[in-house]
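Could you put together the complete structure from these sequences and hints?
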Amino acid sequence: MARLLYYGPLSDLAESGDVALPDAVRDTGALVDWLAAEDAALGEALRSRRVRIIVNDVVATGAHPVTDADEIGFLPPFSGG
Amino acid sequence: MARLLYYGPLSDLAESGDVALPDAVRDTGALVDWLAAEDAALGEALRSRRVRIIVNDVVATGAHPVTDADEIGFLPPFSGG
Amino acid sequence: MSALIITVGLEAEPFSPEEAAARFRRSAEGAGAIVHFIGLVRDSASSEAVRGLFLQHAPGLTLRTIEKFGIEAAERWHLQRADIIHRIGEVGPGEPIVFVATAAAHRRAAFEGADFLMDHLKSEAPFWKKERRASGDVWIEPRAEDYADKARWT
Amino acid sequence: MSALIITVGLEAEPFSPEEAAARFRRSAEGAGAIVHFIGLVRDSASSEAVRGLFLQHAPGLTLRTIEKFGIEAAERWHLQRADIIHRIGEVGPGEPIVFVATAAAHRRAAFEGADFLMDHLKSEAPFWKKERRASGDVWIEPRAEDYADKARWT
Chain A
1 MARLLYYGPL SDLAESGDVA LPDAVRDTGA LVDWLAAEDA ALGEALRSRR
51 VRIIVNDVVA TGAHPVTDAD EIGFLPPFSG G
Chain B
82 MARLLYYGPL SDLAESGDVA LPDAVRDTGA LVDWLAAEDA ALGEALRSRR
132 VRIIVNDVVA TGAHPVTDAD EIGFLPPFSG G
Chain C
163 MSALIITVGL EAEPFSPEEA AARFRRSAEG AGAIVHFIGL VRDSASSEAV
213 RGLFLQHAPG LTLRTIEKFG IEAAERWHLQ RADIIHRIGE VGPGEPIVFV
263 ATAAAHRRAA FEGADFLMDH LKSEAPFWKK ERRASGDVWI EPRAEDYADK
313 ARWT
Chain D
317 MSALIITVGL EAEPFSPEEA AARFRRSAEG AGAIVHFIGL VRDSASSEAV
367 RGLFLQHAPG LTLRTIEKFG IEAAERWHLQ RADIIHRIGE VGPGEPIVFV
417 ATAAAHRRAA FEGADFLMDH LKSEAPFWKK ERRASGDVWI EPRAEDYADK
467 ARWT
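Chains as they are written, first to last, in the working numbering: chain A, 1 to 81; chain B, 82 to 162; chain C, 163 to 316; chain D, 317 to 470.
Treat the hints as calculated values from the structure; they're not laboratory data. Heads up, the beta-carbon is just placed ideally off N, CA and C, and yes, glycines get one too. Hints are supplied without guarantee of correctness; some may be wrong.
[Said to hold, decoys possible] Residues from chain B shown here face chain D by an in silico Cβ test under 8 Å; the list is partial:
no.: 1; residue: Y88
no.: 2; residue: G89
no.: 3; residue: L156
no.: 4; residue: S160
no.: 5; residue: G162
Okay, structure coming up:
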């Protein structure tokens, strides 16, 4: 099971949790496509240029590989302090 | 009696106090000349371009008038904080 | 440069910035300059009353990111110490939300280190801030100035 | 802009910057950002142990000069409040010599106001500082950087 973590405004659109990835989902691009097919609003939000995807705490640029053992976070723009 | 106030390193060269100014001493230039005639080392220190002279708490530029009723301060470069 | 000179705390409960400042000063013996920044929750947004904030973070990632900024600041300005405390969860109006302290030999280093840390906490540390307004909750995005402020350091 | 938002103290005895900070925070209700600067007496000069400082000031003139800088900072950065405490007379190693606090709506104003005040206290306020070194007393002049720092604001 992959762990999907949604932060900030994304956490209003989807609940973080463990998900079994389909065999076809082998990178972050395919993952977003799959999530978008399930939930168009979530898909649109995840595809924003401003959402960073991190895989096991490493920022994933481009189509980063993902497996069922990974923790995958979707991070919209930060607002601290 | 004019009150002469020496600050910082100048306070090691001369003691602050009240002084009766000669009639000829009517501006800051004449005052410094008179003090220099009495004490050459003090005169040299007072003539430094970096010493500000204040008359009754107002910065005196050029030959500022002085009288026996004035408070005259000699201020070397500041070092606070 | 040892990472031990950086202390980062994520606090779910209100804290006293003055107590943090006292601890920091004791730990920074020999420093010539200390700068503190305290960020406080204001009780109004642009137009509306704000009843508080909710601060989400990414456990692990948030702490490591802040530590990384702390080490960067300490190396760049030769800081003797840096402390960062950031609230998480619910924060009430008027409460301190962030405390940054820097200690250095001279004042410019302490000022710039604290300024750098705040700019990075604002727009580069994984926090997401929701304002609890009378009309409902609103997620806050960094302001354009926050990105511009951060860009000063690159 | 009322002068009442500026508090200036010249203190002949040691003071607690944390107590000053607590009072300042209470007086700055509603501010979003507070910056403190604390200057401390270091126990060494370039090469030699320093047993303390002696700070001379010009009664009246020093206070009025600092108040003037406080008002200038408050107007320029729309500060909600500013507090300045400066020691006079004998100051021991490790003791706070100056405390500056600024409160504003946003962080850049608070940072820049405090930075401006410190730069002006260093080279434009009538103080004369003597280091008590093992080898004797030495009057300190501002460093070239102090003048350069001050010139950033003009």
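Consistency of the hints with the structure:
no. : hint : in the structure
1   : Y88  : holds (6 Å)
2   : G89  : holds (3 Å)
3   : L156 : holds (6 Å)
4   : S160 : holds (4 Å)
5   : G162 : holds (5 Å)
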